[in-house]
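Go by the hints and put chain D onto chain P.
2 protein chains.
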Amino acid sequence: MNKYDVVIIGGSAAGVTAGITARRHYPNKSVLVIRAEEKVMIPCGIPYIYGTVGSPDKNIVPDAVLEKNKIDLVIDVAVDIDRDKRIVKTASGKEVEYDKLILTTGSKPIRPPIEGLDKKNVFEITKEVPNLSALLETVNSSKDLVIIGGGFIGVEFADECKKGRNINVTIVEMQPTCLSGAFDEYAGVAVEKILKERDINVITKDSVKALLGDEKVQTVKLGSGKEIKADTVILAIGAKANIDLAQKIGLEIGSTNSIQVDKHMLTSDKNIFACGDCAETLYFFSGKPAPLKLASIATMHARIAGANLFGLRRENQGSIGVYSTVVNETCFAAAGLTHAAAEKAGYEVVVGEATAPNRHPGGMPGMQEMTVHLICEKGTGKILGGQVYGAKSGGELINVISACISGNMTAEQVAVFQLGTHPALTASPIAYQLVNAAEMAAGKMRQ
Amino acid sequence: MNKYDVVIIGGSAAGVTAGITARRHYPNKSVLVIRAEEKVMIPCGIPYIYGTVGSPDKNIVPDAVLEKNKIDLVIDVAVDIDRDKRIVKTASGKEVEYDKLILTTGSKPIRPPIEGLDKKNVFEITKEVPNLSALLETVNSSKDLVIIGGGFIGVEFADECKKGRNINVTIVEMQPTCLSGAFDEYAGVAVEKILKERDINVITKDSVKALLGDEKVQTVKLGSGKEIKADTVILAIGAKANIDLAQKIGLEIGSTNSIQVDKHMLTSDKNIFACGDCAETLYFFSGKPAPLKLASIATMHARIAGANLFGLRRENQGSIGVYSTVVNETCFAAAGLTHAAAEKAGYEVVVGEATAPNRHPGGMPGMQEMTVHLICEKGTGKILGGQVYGAKSGGELINVISACISGNMTAEQVAVFQLGTHPALTASPIAYQLVNAAEMAAGKMRQ
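Keeping their order, the protein sequence lines are chains P and D.
By the numbering used here, the letter at position 166 of the first sequence is numbered 166, and the numbering carries on one by one without gaps.
By the numbering used here, the letter at position 24 of the second sequence is numbered 24, and the numbering carries on one by one without gaps.
Same shape as in the complex, but just chain P:
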């Protein structure tokens, strides 16, 4: 029987990063990744298969990163674990002994209680290539695409599927606006405006009741009674932790139906870590379990778990939740709490807002407006969250805001932030959006 110091079950963002981190921290340990998929999809890249990138083959996490880090790979499905003997059993009948085990079993799409989900041409977004390839072929000959869910996946799929195709695309979202989990309403309104300019239909405050048709879906019936023509339906209403194996072997499960872990990413078994979408995540501010499922959180988990394998070196400080996306060349990015979520959590909130071009002078090429919203606690001035929309440099500016949040900075401190600026790269130092948004928030607190 094979024996490895470290066995990792799952080979997506969390699994790969856990392996690399294990290798960096424990250079002499043997590491094995067991994964089900022949090829691993870059998870956040999946929507781009349908437009910009063009095929699943061009959206692969290369296995070279494993080889380079001397991590062995077995393509197989882990079906059981003998925790006493520390043995993983696979579908093909293999057994592998481990000293430490990391579970990165990921997530699976939430299957909502909608009638007719089993009809042909109805797709869930999984990470399996055959499913994604079948969807690509279907979308290519589709005339009427309905996407259920207006979160990041739904919006990105709508934007991408519209590219280069003569196709009607409709998003159906229950909330009043799209992207409402990460952004306040104004951003959802802005996203909708952009989508509509691209001739994408957005239906909000409505639910999907049934998918009608014979074998193939033909119509989507909404809660409001409205019916929409559809030859393809994509379910994009979120994901839930894949805890099948963890439950089977009796690990503790947390209140969000994810594998319970401590600050070191250790499960209830002292030789088993869990990280990524399958593991429970706590909010940075409240310490309460959070429904956040992001590749960036998964890799953060993995950098903790991998470092802690043979000695507890790192603690999870809780998840801030940092998002970004691009809709028709406009960036939307968010970190931490929205205004709405902060108030719901009991904070008294002030919001500072600033807009400026991302170049100076405005005649520099690539000029685009960028707006920053900074959500602060009244009184302390603590930065609770931030949102950016406009120029694509927002993709990194949101990480500046994330650094300010994790450094427990206040609006007063951000107002004198030590920024770097350049005509071809950023706003002017006078107009720099983050600093001015902080100054506006600080001003409201003095009133």
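Quick caveat, the hints were computed from the structure, so don't treat them as lab data.
Fair warning: there could be bad hints in the mix.
[Said to hold, decoys possible] Covered, in the sense of this in silico footprint (three residues per stretch, anywhere, with C-beta under 8 Å from a C-beta of chain D), are these stretches of chain P:
#, stretch
1, 13-25
2, 57-63
3, 356-366
4, 395-405
Positions of the beta carbon are idealized from the N, C-alpha and C atoms, including for glycine.
Relative to chain P, chain D alone:
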């Protein structure tokens, strides 16, 4: 005689920002800006007049920002100050009474001890439009341009003057590499490579001894004895504080020949603040006087001075120094101490380095490699500095590093940084350069 609650002398980045900040913090106070220039140049935009932007008229800080903030403006030169009576006297004979005064008199180019500097077609880079327009006209008919100094201004002028012109451009730099104040040697080598690919000559480790010719410069004679043909020469060897007025009125001058200020940006006169290039800046780490002159530092100063006018609200934490530039579409950005500067300051240093594409998958449009160097103190792991080169998102990524430095973060903390990533905006969460550079530095510390 006019009386204002706040009078600001100087109307560039520091003056404008001090005015806006005064308005925000003290809505009912009257504010006047006295400035010498009819039009204010965006300081960092000046090199781009010579290529990308095309004329000084397109590189102006709009006066609308003053009007919008109810700040009065007088175009005049402040020639004297009666500190007892709190009166500013101008060249045109006007007198203005003030309650609080802010000096933002800026800097002037350093005039090196080179023979022949007064010949025709030799230009200093000042912020005055007539001088900049004359230079533009000269460059437009120039065949052989020599730039003395390979810092940011020198490199940016070389890059821009080469655009759309059939002109020989040569940079002469005394140090072993260009940009050596802000970057370690590898970056200077990379910049030189890019400049040479653009057919720009770079001469390092050599000085300029004399500018030869009759009325007009014809040849630049170097310390090595080499002679270079030149019909235009640009001096770009740095700037010194303009302290003429401060000296005249007897304010204390600091060891860097700048106006001495305390943490509140107050000068030795309790009614006079100073900020920007004319004011002394201290290093963030050592607290020692620093030769840093940056628009971003000037605006940070101004946000402190403006807030402190009628009550001390903010303290200067010292300057990190955050730089960025673009050379032929490649971004170079730096924050804090270089490896060399950190060692010179007495730190034992480890450097973590990581390179990855700024997109995932690599097939996403706009893909460019980006490298991060993170300079950390051995032992504590404290982030002392960082450098980024490659993709233009480095312009904001350097601000993430600045936030990590000002938050006193360590390599261990940055290794589990809460990043946001997106296929069209950043590296993948597995490969995110900042986090991996931190992990590499942390790894070296464990050895």
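Okay, the hints, checked on the actual structure:
1. Coverage of a stretch by a chain is defined here by at least three residues with a beta carbon nearer than 8 Å to that chain's beta carbons; for the stretch 13-25 of chain P and chain D the count is 7, and the condition holds.
2. Figure legend: the stretch 57-63 of chain P, annotated as covered by chain D; annotation consistent (4 residues with Cβ-Cβ distances under 8 Å, at least 3 required).
3. Given a C-beta distance limit of less than 8 Å, the hint that chain D covers the stretch 356-366 of chain P holds, as 5 residues qualify and 3 suffice.
4. Restraint check on the stretch 395-405 of chain P versus chain D: 10 residues with Cβ-Cβ distances below 8 Å, three needed, restraint holds.
In terms of the numbered hints stated before, the structure departs from none.
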